[in-house]
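Visitor: The listed protein sequences correspond, in order, to chains A and B.
Residue numbering for the first sequence is 1 to 585, as defined by the numbering used here.
Residue numbering for the second sequence is 1001 to 1083, as defined by the numbering used here.
Think of the hints as simulated: they come from the structure by calculation, not from any bench.
Every value quoted in this text rests on a predicted model; they were computed, and no experiment measured them.
Any given hint could turn out to be false.
Taking lysine-lysine and the DSS-like style, the derived pairs with C-alpha atoms no more than 30 Å apart in a straight line are [as the list claims (entries may be wrong)]:
id, chain 1, residue 1, chain 2, residue 2
1, A, K537, B, K1081
2, A, K458, A, K397
3, B, K1022, A, K539
4, B, K1082, A, K150
Some chain B residues flagged as far from chain A (calculated, every beta-carbon gap over 10 Å) [stated by the list, open to error]:
id, residue
5, S1039
6, A1047
7, E1050
8, W1053
9, T1076
10, G1077
Note that beta-carbon positions come from the ideal geometry of N, C-alpha and C, so glycine has one too.
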Amino acid sequence: MASNPPADGAKAPTPTNDSLPLRRSDFRTLADALDYAAQGEKGFNFHDARADLVRAYPYRELAADARRHAAHFIAEGVKPGDRIALIAETGPGFAAAFFGAIYAAALPVPLPLPTSFGGRDAYVDQIRVQLTSCDPLMLLSPPGLHDIVKDAATGLCAAHDWEQWFAGEAPAVDLPQPLPTDIAYLQYSSGSTRFPHGVAVTHEALLANLSAHATCTHAALDDRVISWLPWYHDMGLVGCMLAPMANQISVDYLATADFARRPLSWLTLISRNPANSLSYSPTFGYDICARRISPSIPVAERYDLSRWRVAGNGADMIRPEVMQAFVDTFAPAGFKASAFLPSYGLAEATLAVTIMPVGEGIQCDLIDERTLSGASADARADQRLPTRYRAIVNCGKAVPGMTIEVRDEAGHVLPDRKIGRVFVKGLGIMAGYFRDPEATEACLKDGWLDTGDMAYLKDGSLFIVGRAKDMIIINGKNHWPQDIEWAIEQLPGFKAGDIAAFSITTPSGEEAPAVLVQCRTSDNDERVKLREAIKSKVKAITGMSCVVELVPPRTLPRTSSGKLSRSKARLQYLSGEIQPFEVAA
Amino acid sequence: MTDRASVYARIIELIEPLNSKKVPLTEATTFAGDMEMDSLTVMDLVASMEDEWDIMIPLNMLPDLETIGQVADAVTGLVAKKG
């Protein structure tokens, strides 16, 4: 972004309204959607960490740049269906390259940015694994990151800085006409770092979901989207970049790294928007904003959140107590609790599966914790202990075109209020995982997608109880137990099956990763050393600090087919059935 | 007052409240490994250093900064470049 100084006159943001009639994503392809949006005055607006406008980028300019980029791609031999990997920096460079690939009927593949101090090797490794999976013709990155990511591409594909690569005259070429049933892009927000799955989404599925999204949020005149969500995640890319473009809405962006430094700039952008704001965040985004407000900050004077029409919740477990803290903190600035809009979705379903009706806010059921952990009624140990309830958030009803079933382990459809696995079918479901028929078959049968998530239905509304795909979500970032287990397997003497990683809930309600490791040594000093070695290995490879417990050999539970059962290991650990060794440091 | 030594000393002061594990802070202390800082805490620290010296620490520098000493070098460099 910093490398793109604003052109003269670009200091005015794109307007919220213009004379172009609104169309709700009723296009054949994403390219058609951009062609239409380019006829209006709206577009993307990029802001710096202090929420000041750096660059207005109307859809018209984006479309023109993207057509030039497509010509470059085609002249260089890019064919329909080829993959173009792109480091997803929030800015005009990525947007133009993404849509350039779309116009060339190639598949853009957004890849992540580095997020913290250190970890160069882990980052390069992650990009390398994803490049291996999507097998692209080239990797393009912002100039500043080229030096780092070119190492990841060595021996796999060409790597270029996109400013240089797109410089120069574009030749005149005919653009291909993709079909609605063609794959539009690949997404790597699903799947683990070590064993990634590229979610392949067709134009048709994408646009159906974007249309449903616009219908459910009542997207209309006077709406403007504000976003800091990363473009390498479905909520950021699909929800806050593709959706506003395909529904002709202007967007104000804050880069994710800038949000992480100065989260309150997000609320500044919303306050400055004279029109209605639509803005989404995982739980932790609301959490850090509320925590940043000290009593000395005059909330009512500094912020005006009264026109925040839709404050979307999603991408992780919605925590009602955090949302209440946000309401308590920002009510003086006019924030309305009814603006909260819970939703449930996943990349495999393009984005949204359910959305709450607008204006109803967060509604919860209180459920006995023991019911949630799967204990049967008679197994409830001590009746004298007080019952602990957990608030389960209503995530709303299926978006138009999507059907939901909750099934038991044998695959039978369960009645209302019974907890089981969520299956979804309909217009937005992915075509499959890229070049991975085995993984696709494991979750997609007869058009039904096994989400792996646990929930119950009540009068058509979905209540998510847990993300059972063993996923560990920390600060909105998905972590996969496979990656932790793989890290430990890199130490001498450990093999798959010795190790079970899962998430536990800390007393403050946050998720934390824990790992049980079968250990054969009985010597305390050896165990101390081993535990430290495991901790630092996991930290070095995954970046996470993990609770490490050593357990006796052959204690980790298996499924009937002999595979390690992480969910059973978790239950047995929490219930005390698995007793870790005491390790005295 | 922006020589390497004073930058280092001030960085230590800025880290102290975030050092929840009370790890001894030296040139070689690492943010992820030793202090176990998560990325949000790190970005918090980045923001306070940017405010302190009125600099901008670009995202592409972060992957190469593992230790407090390396961060002190980077900040000293950025401050010098600002002139």
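Visitor: Each of the hints needs a verdict: does it hold here or not?
Guide: Hint check:
| no. | hint | in the structure |
| --- | --- | --- |
| 1 | A/K537 <-> B/K1081 | violated (37 Å) |
| 2 | A/K458 <-> A/K397 | holds (10 Å) |
| 3 | B/K1022 <-> A/K539 | holds (18 Å) |
| 4 | B/K1082 <-> A/K150 | holds (29 Å) |
| 5 | S1039 | violated (4 Å) |
| 6 | A1047 | violated (4 Å) |
| 7 | E1050 | violated (7 Å) |
| 8 | W1053 | holds (14 Å) |
| 9 | T1076 | holds (16 Å) |
| 10 | G1077 | holds (15 Å) |
Violated hints, in rising order: 1, 5, 6 and 7; the structure is consistent with all others.
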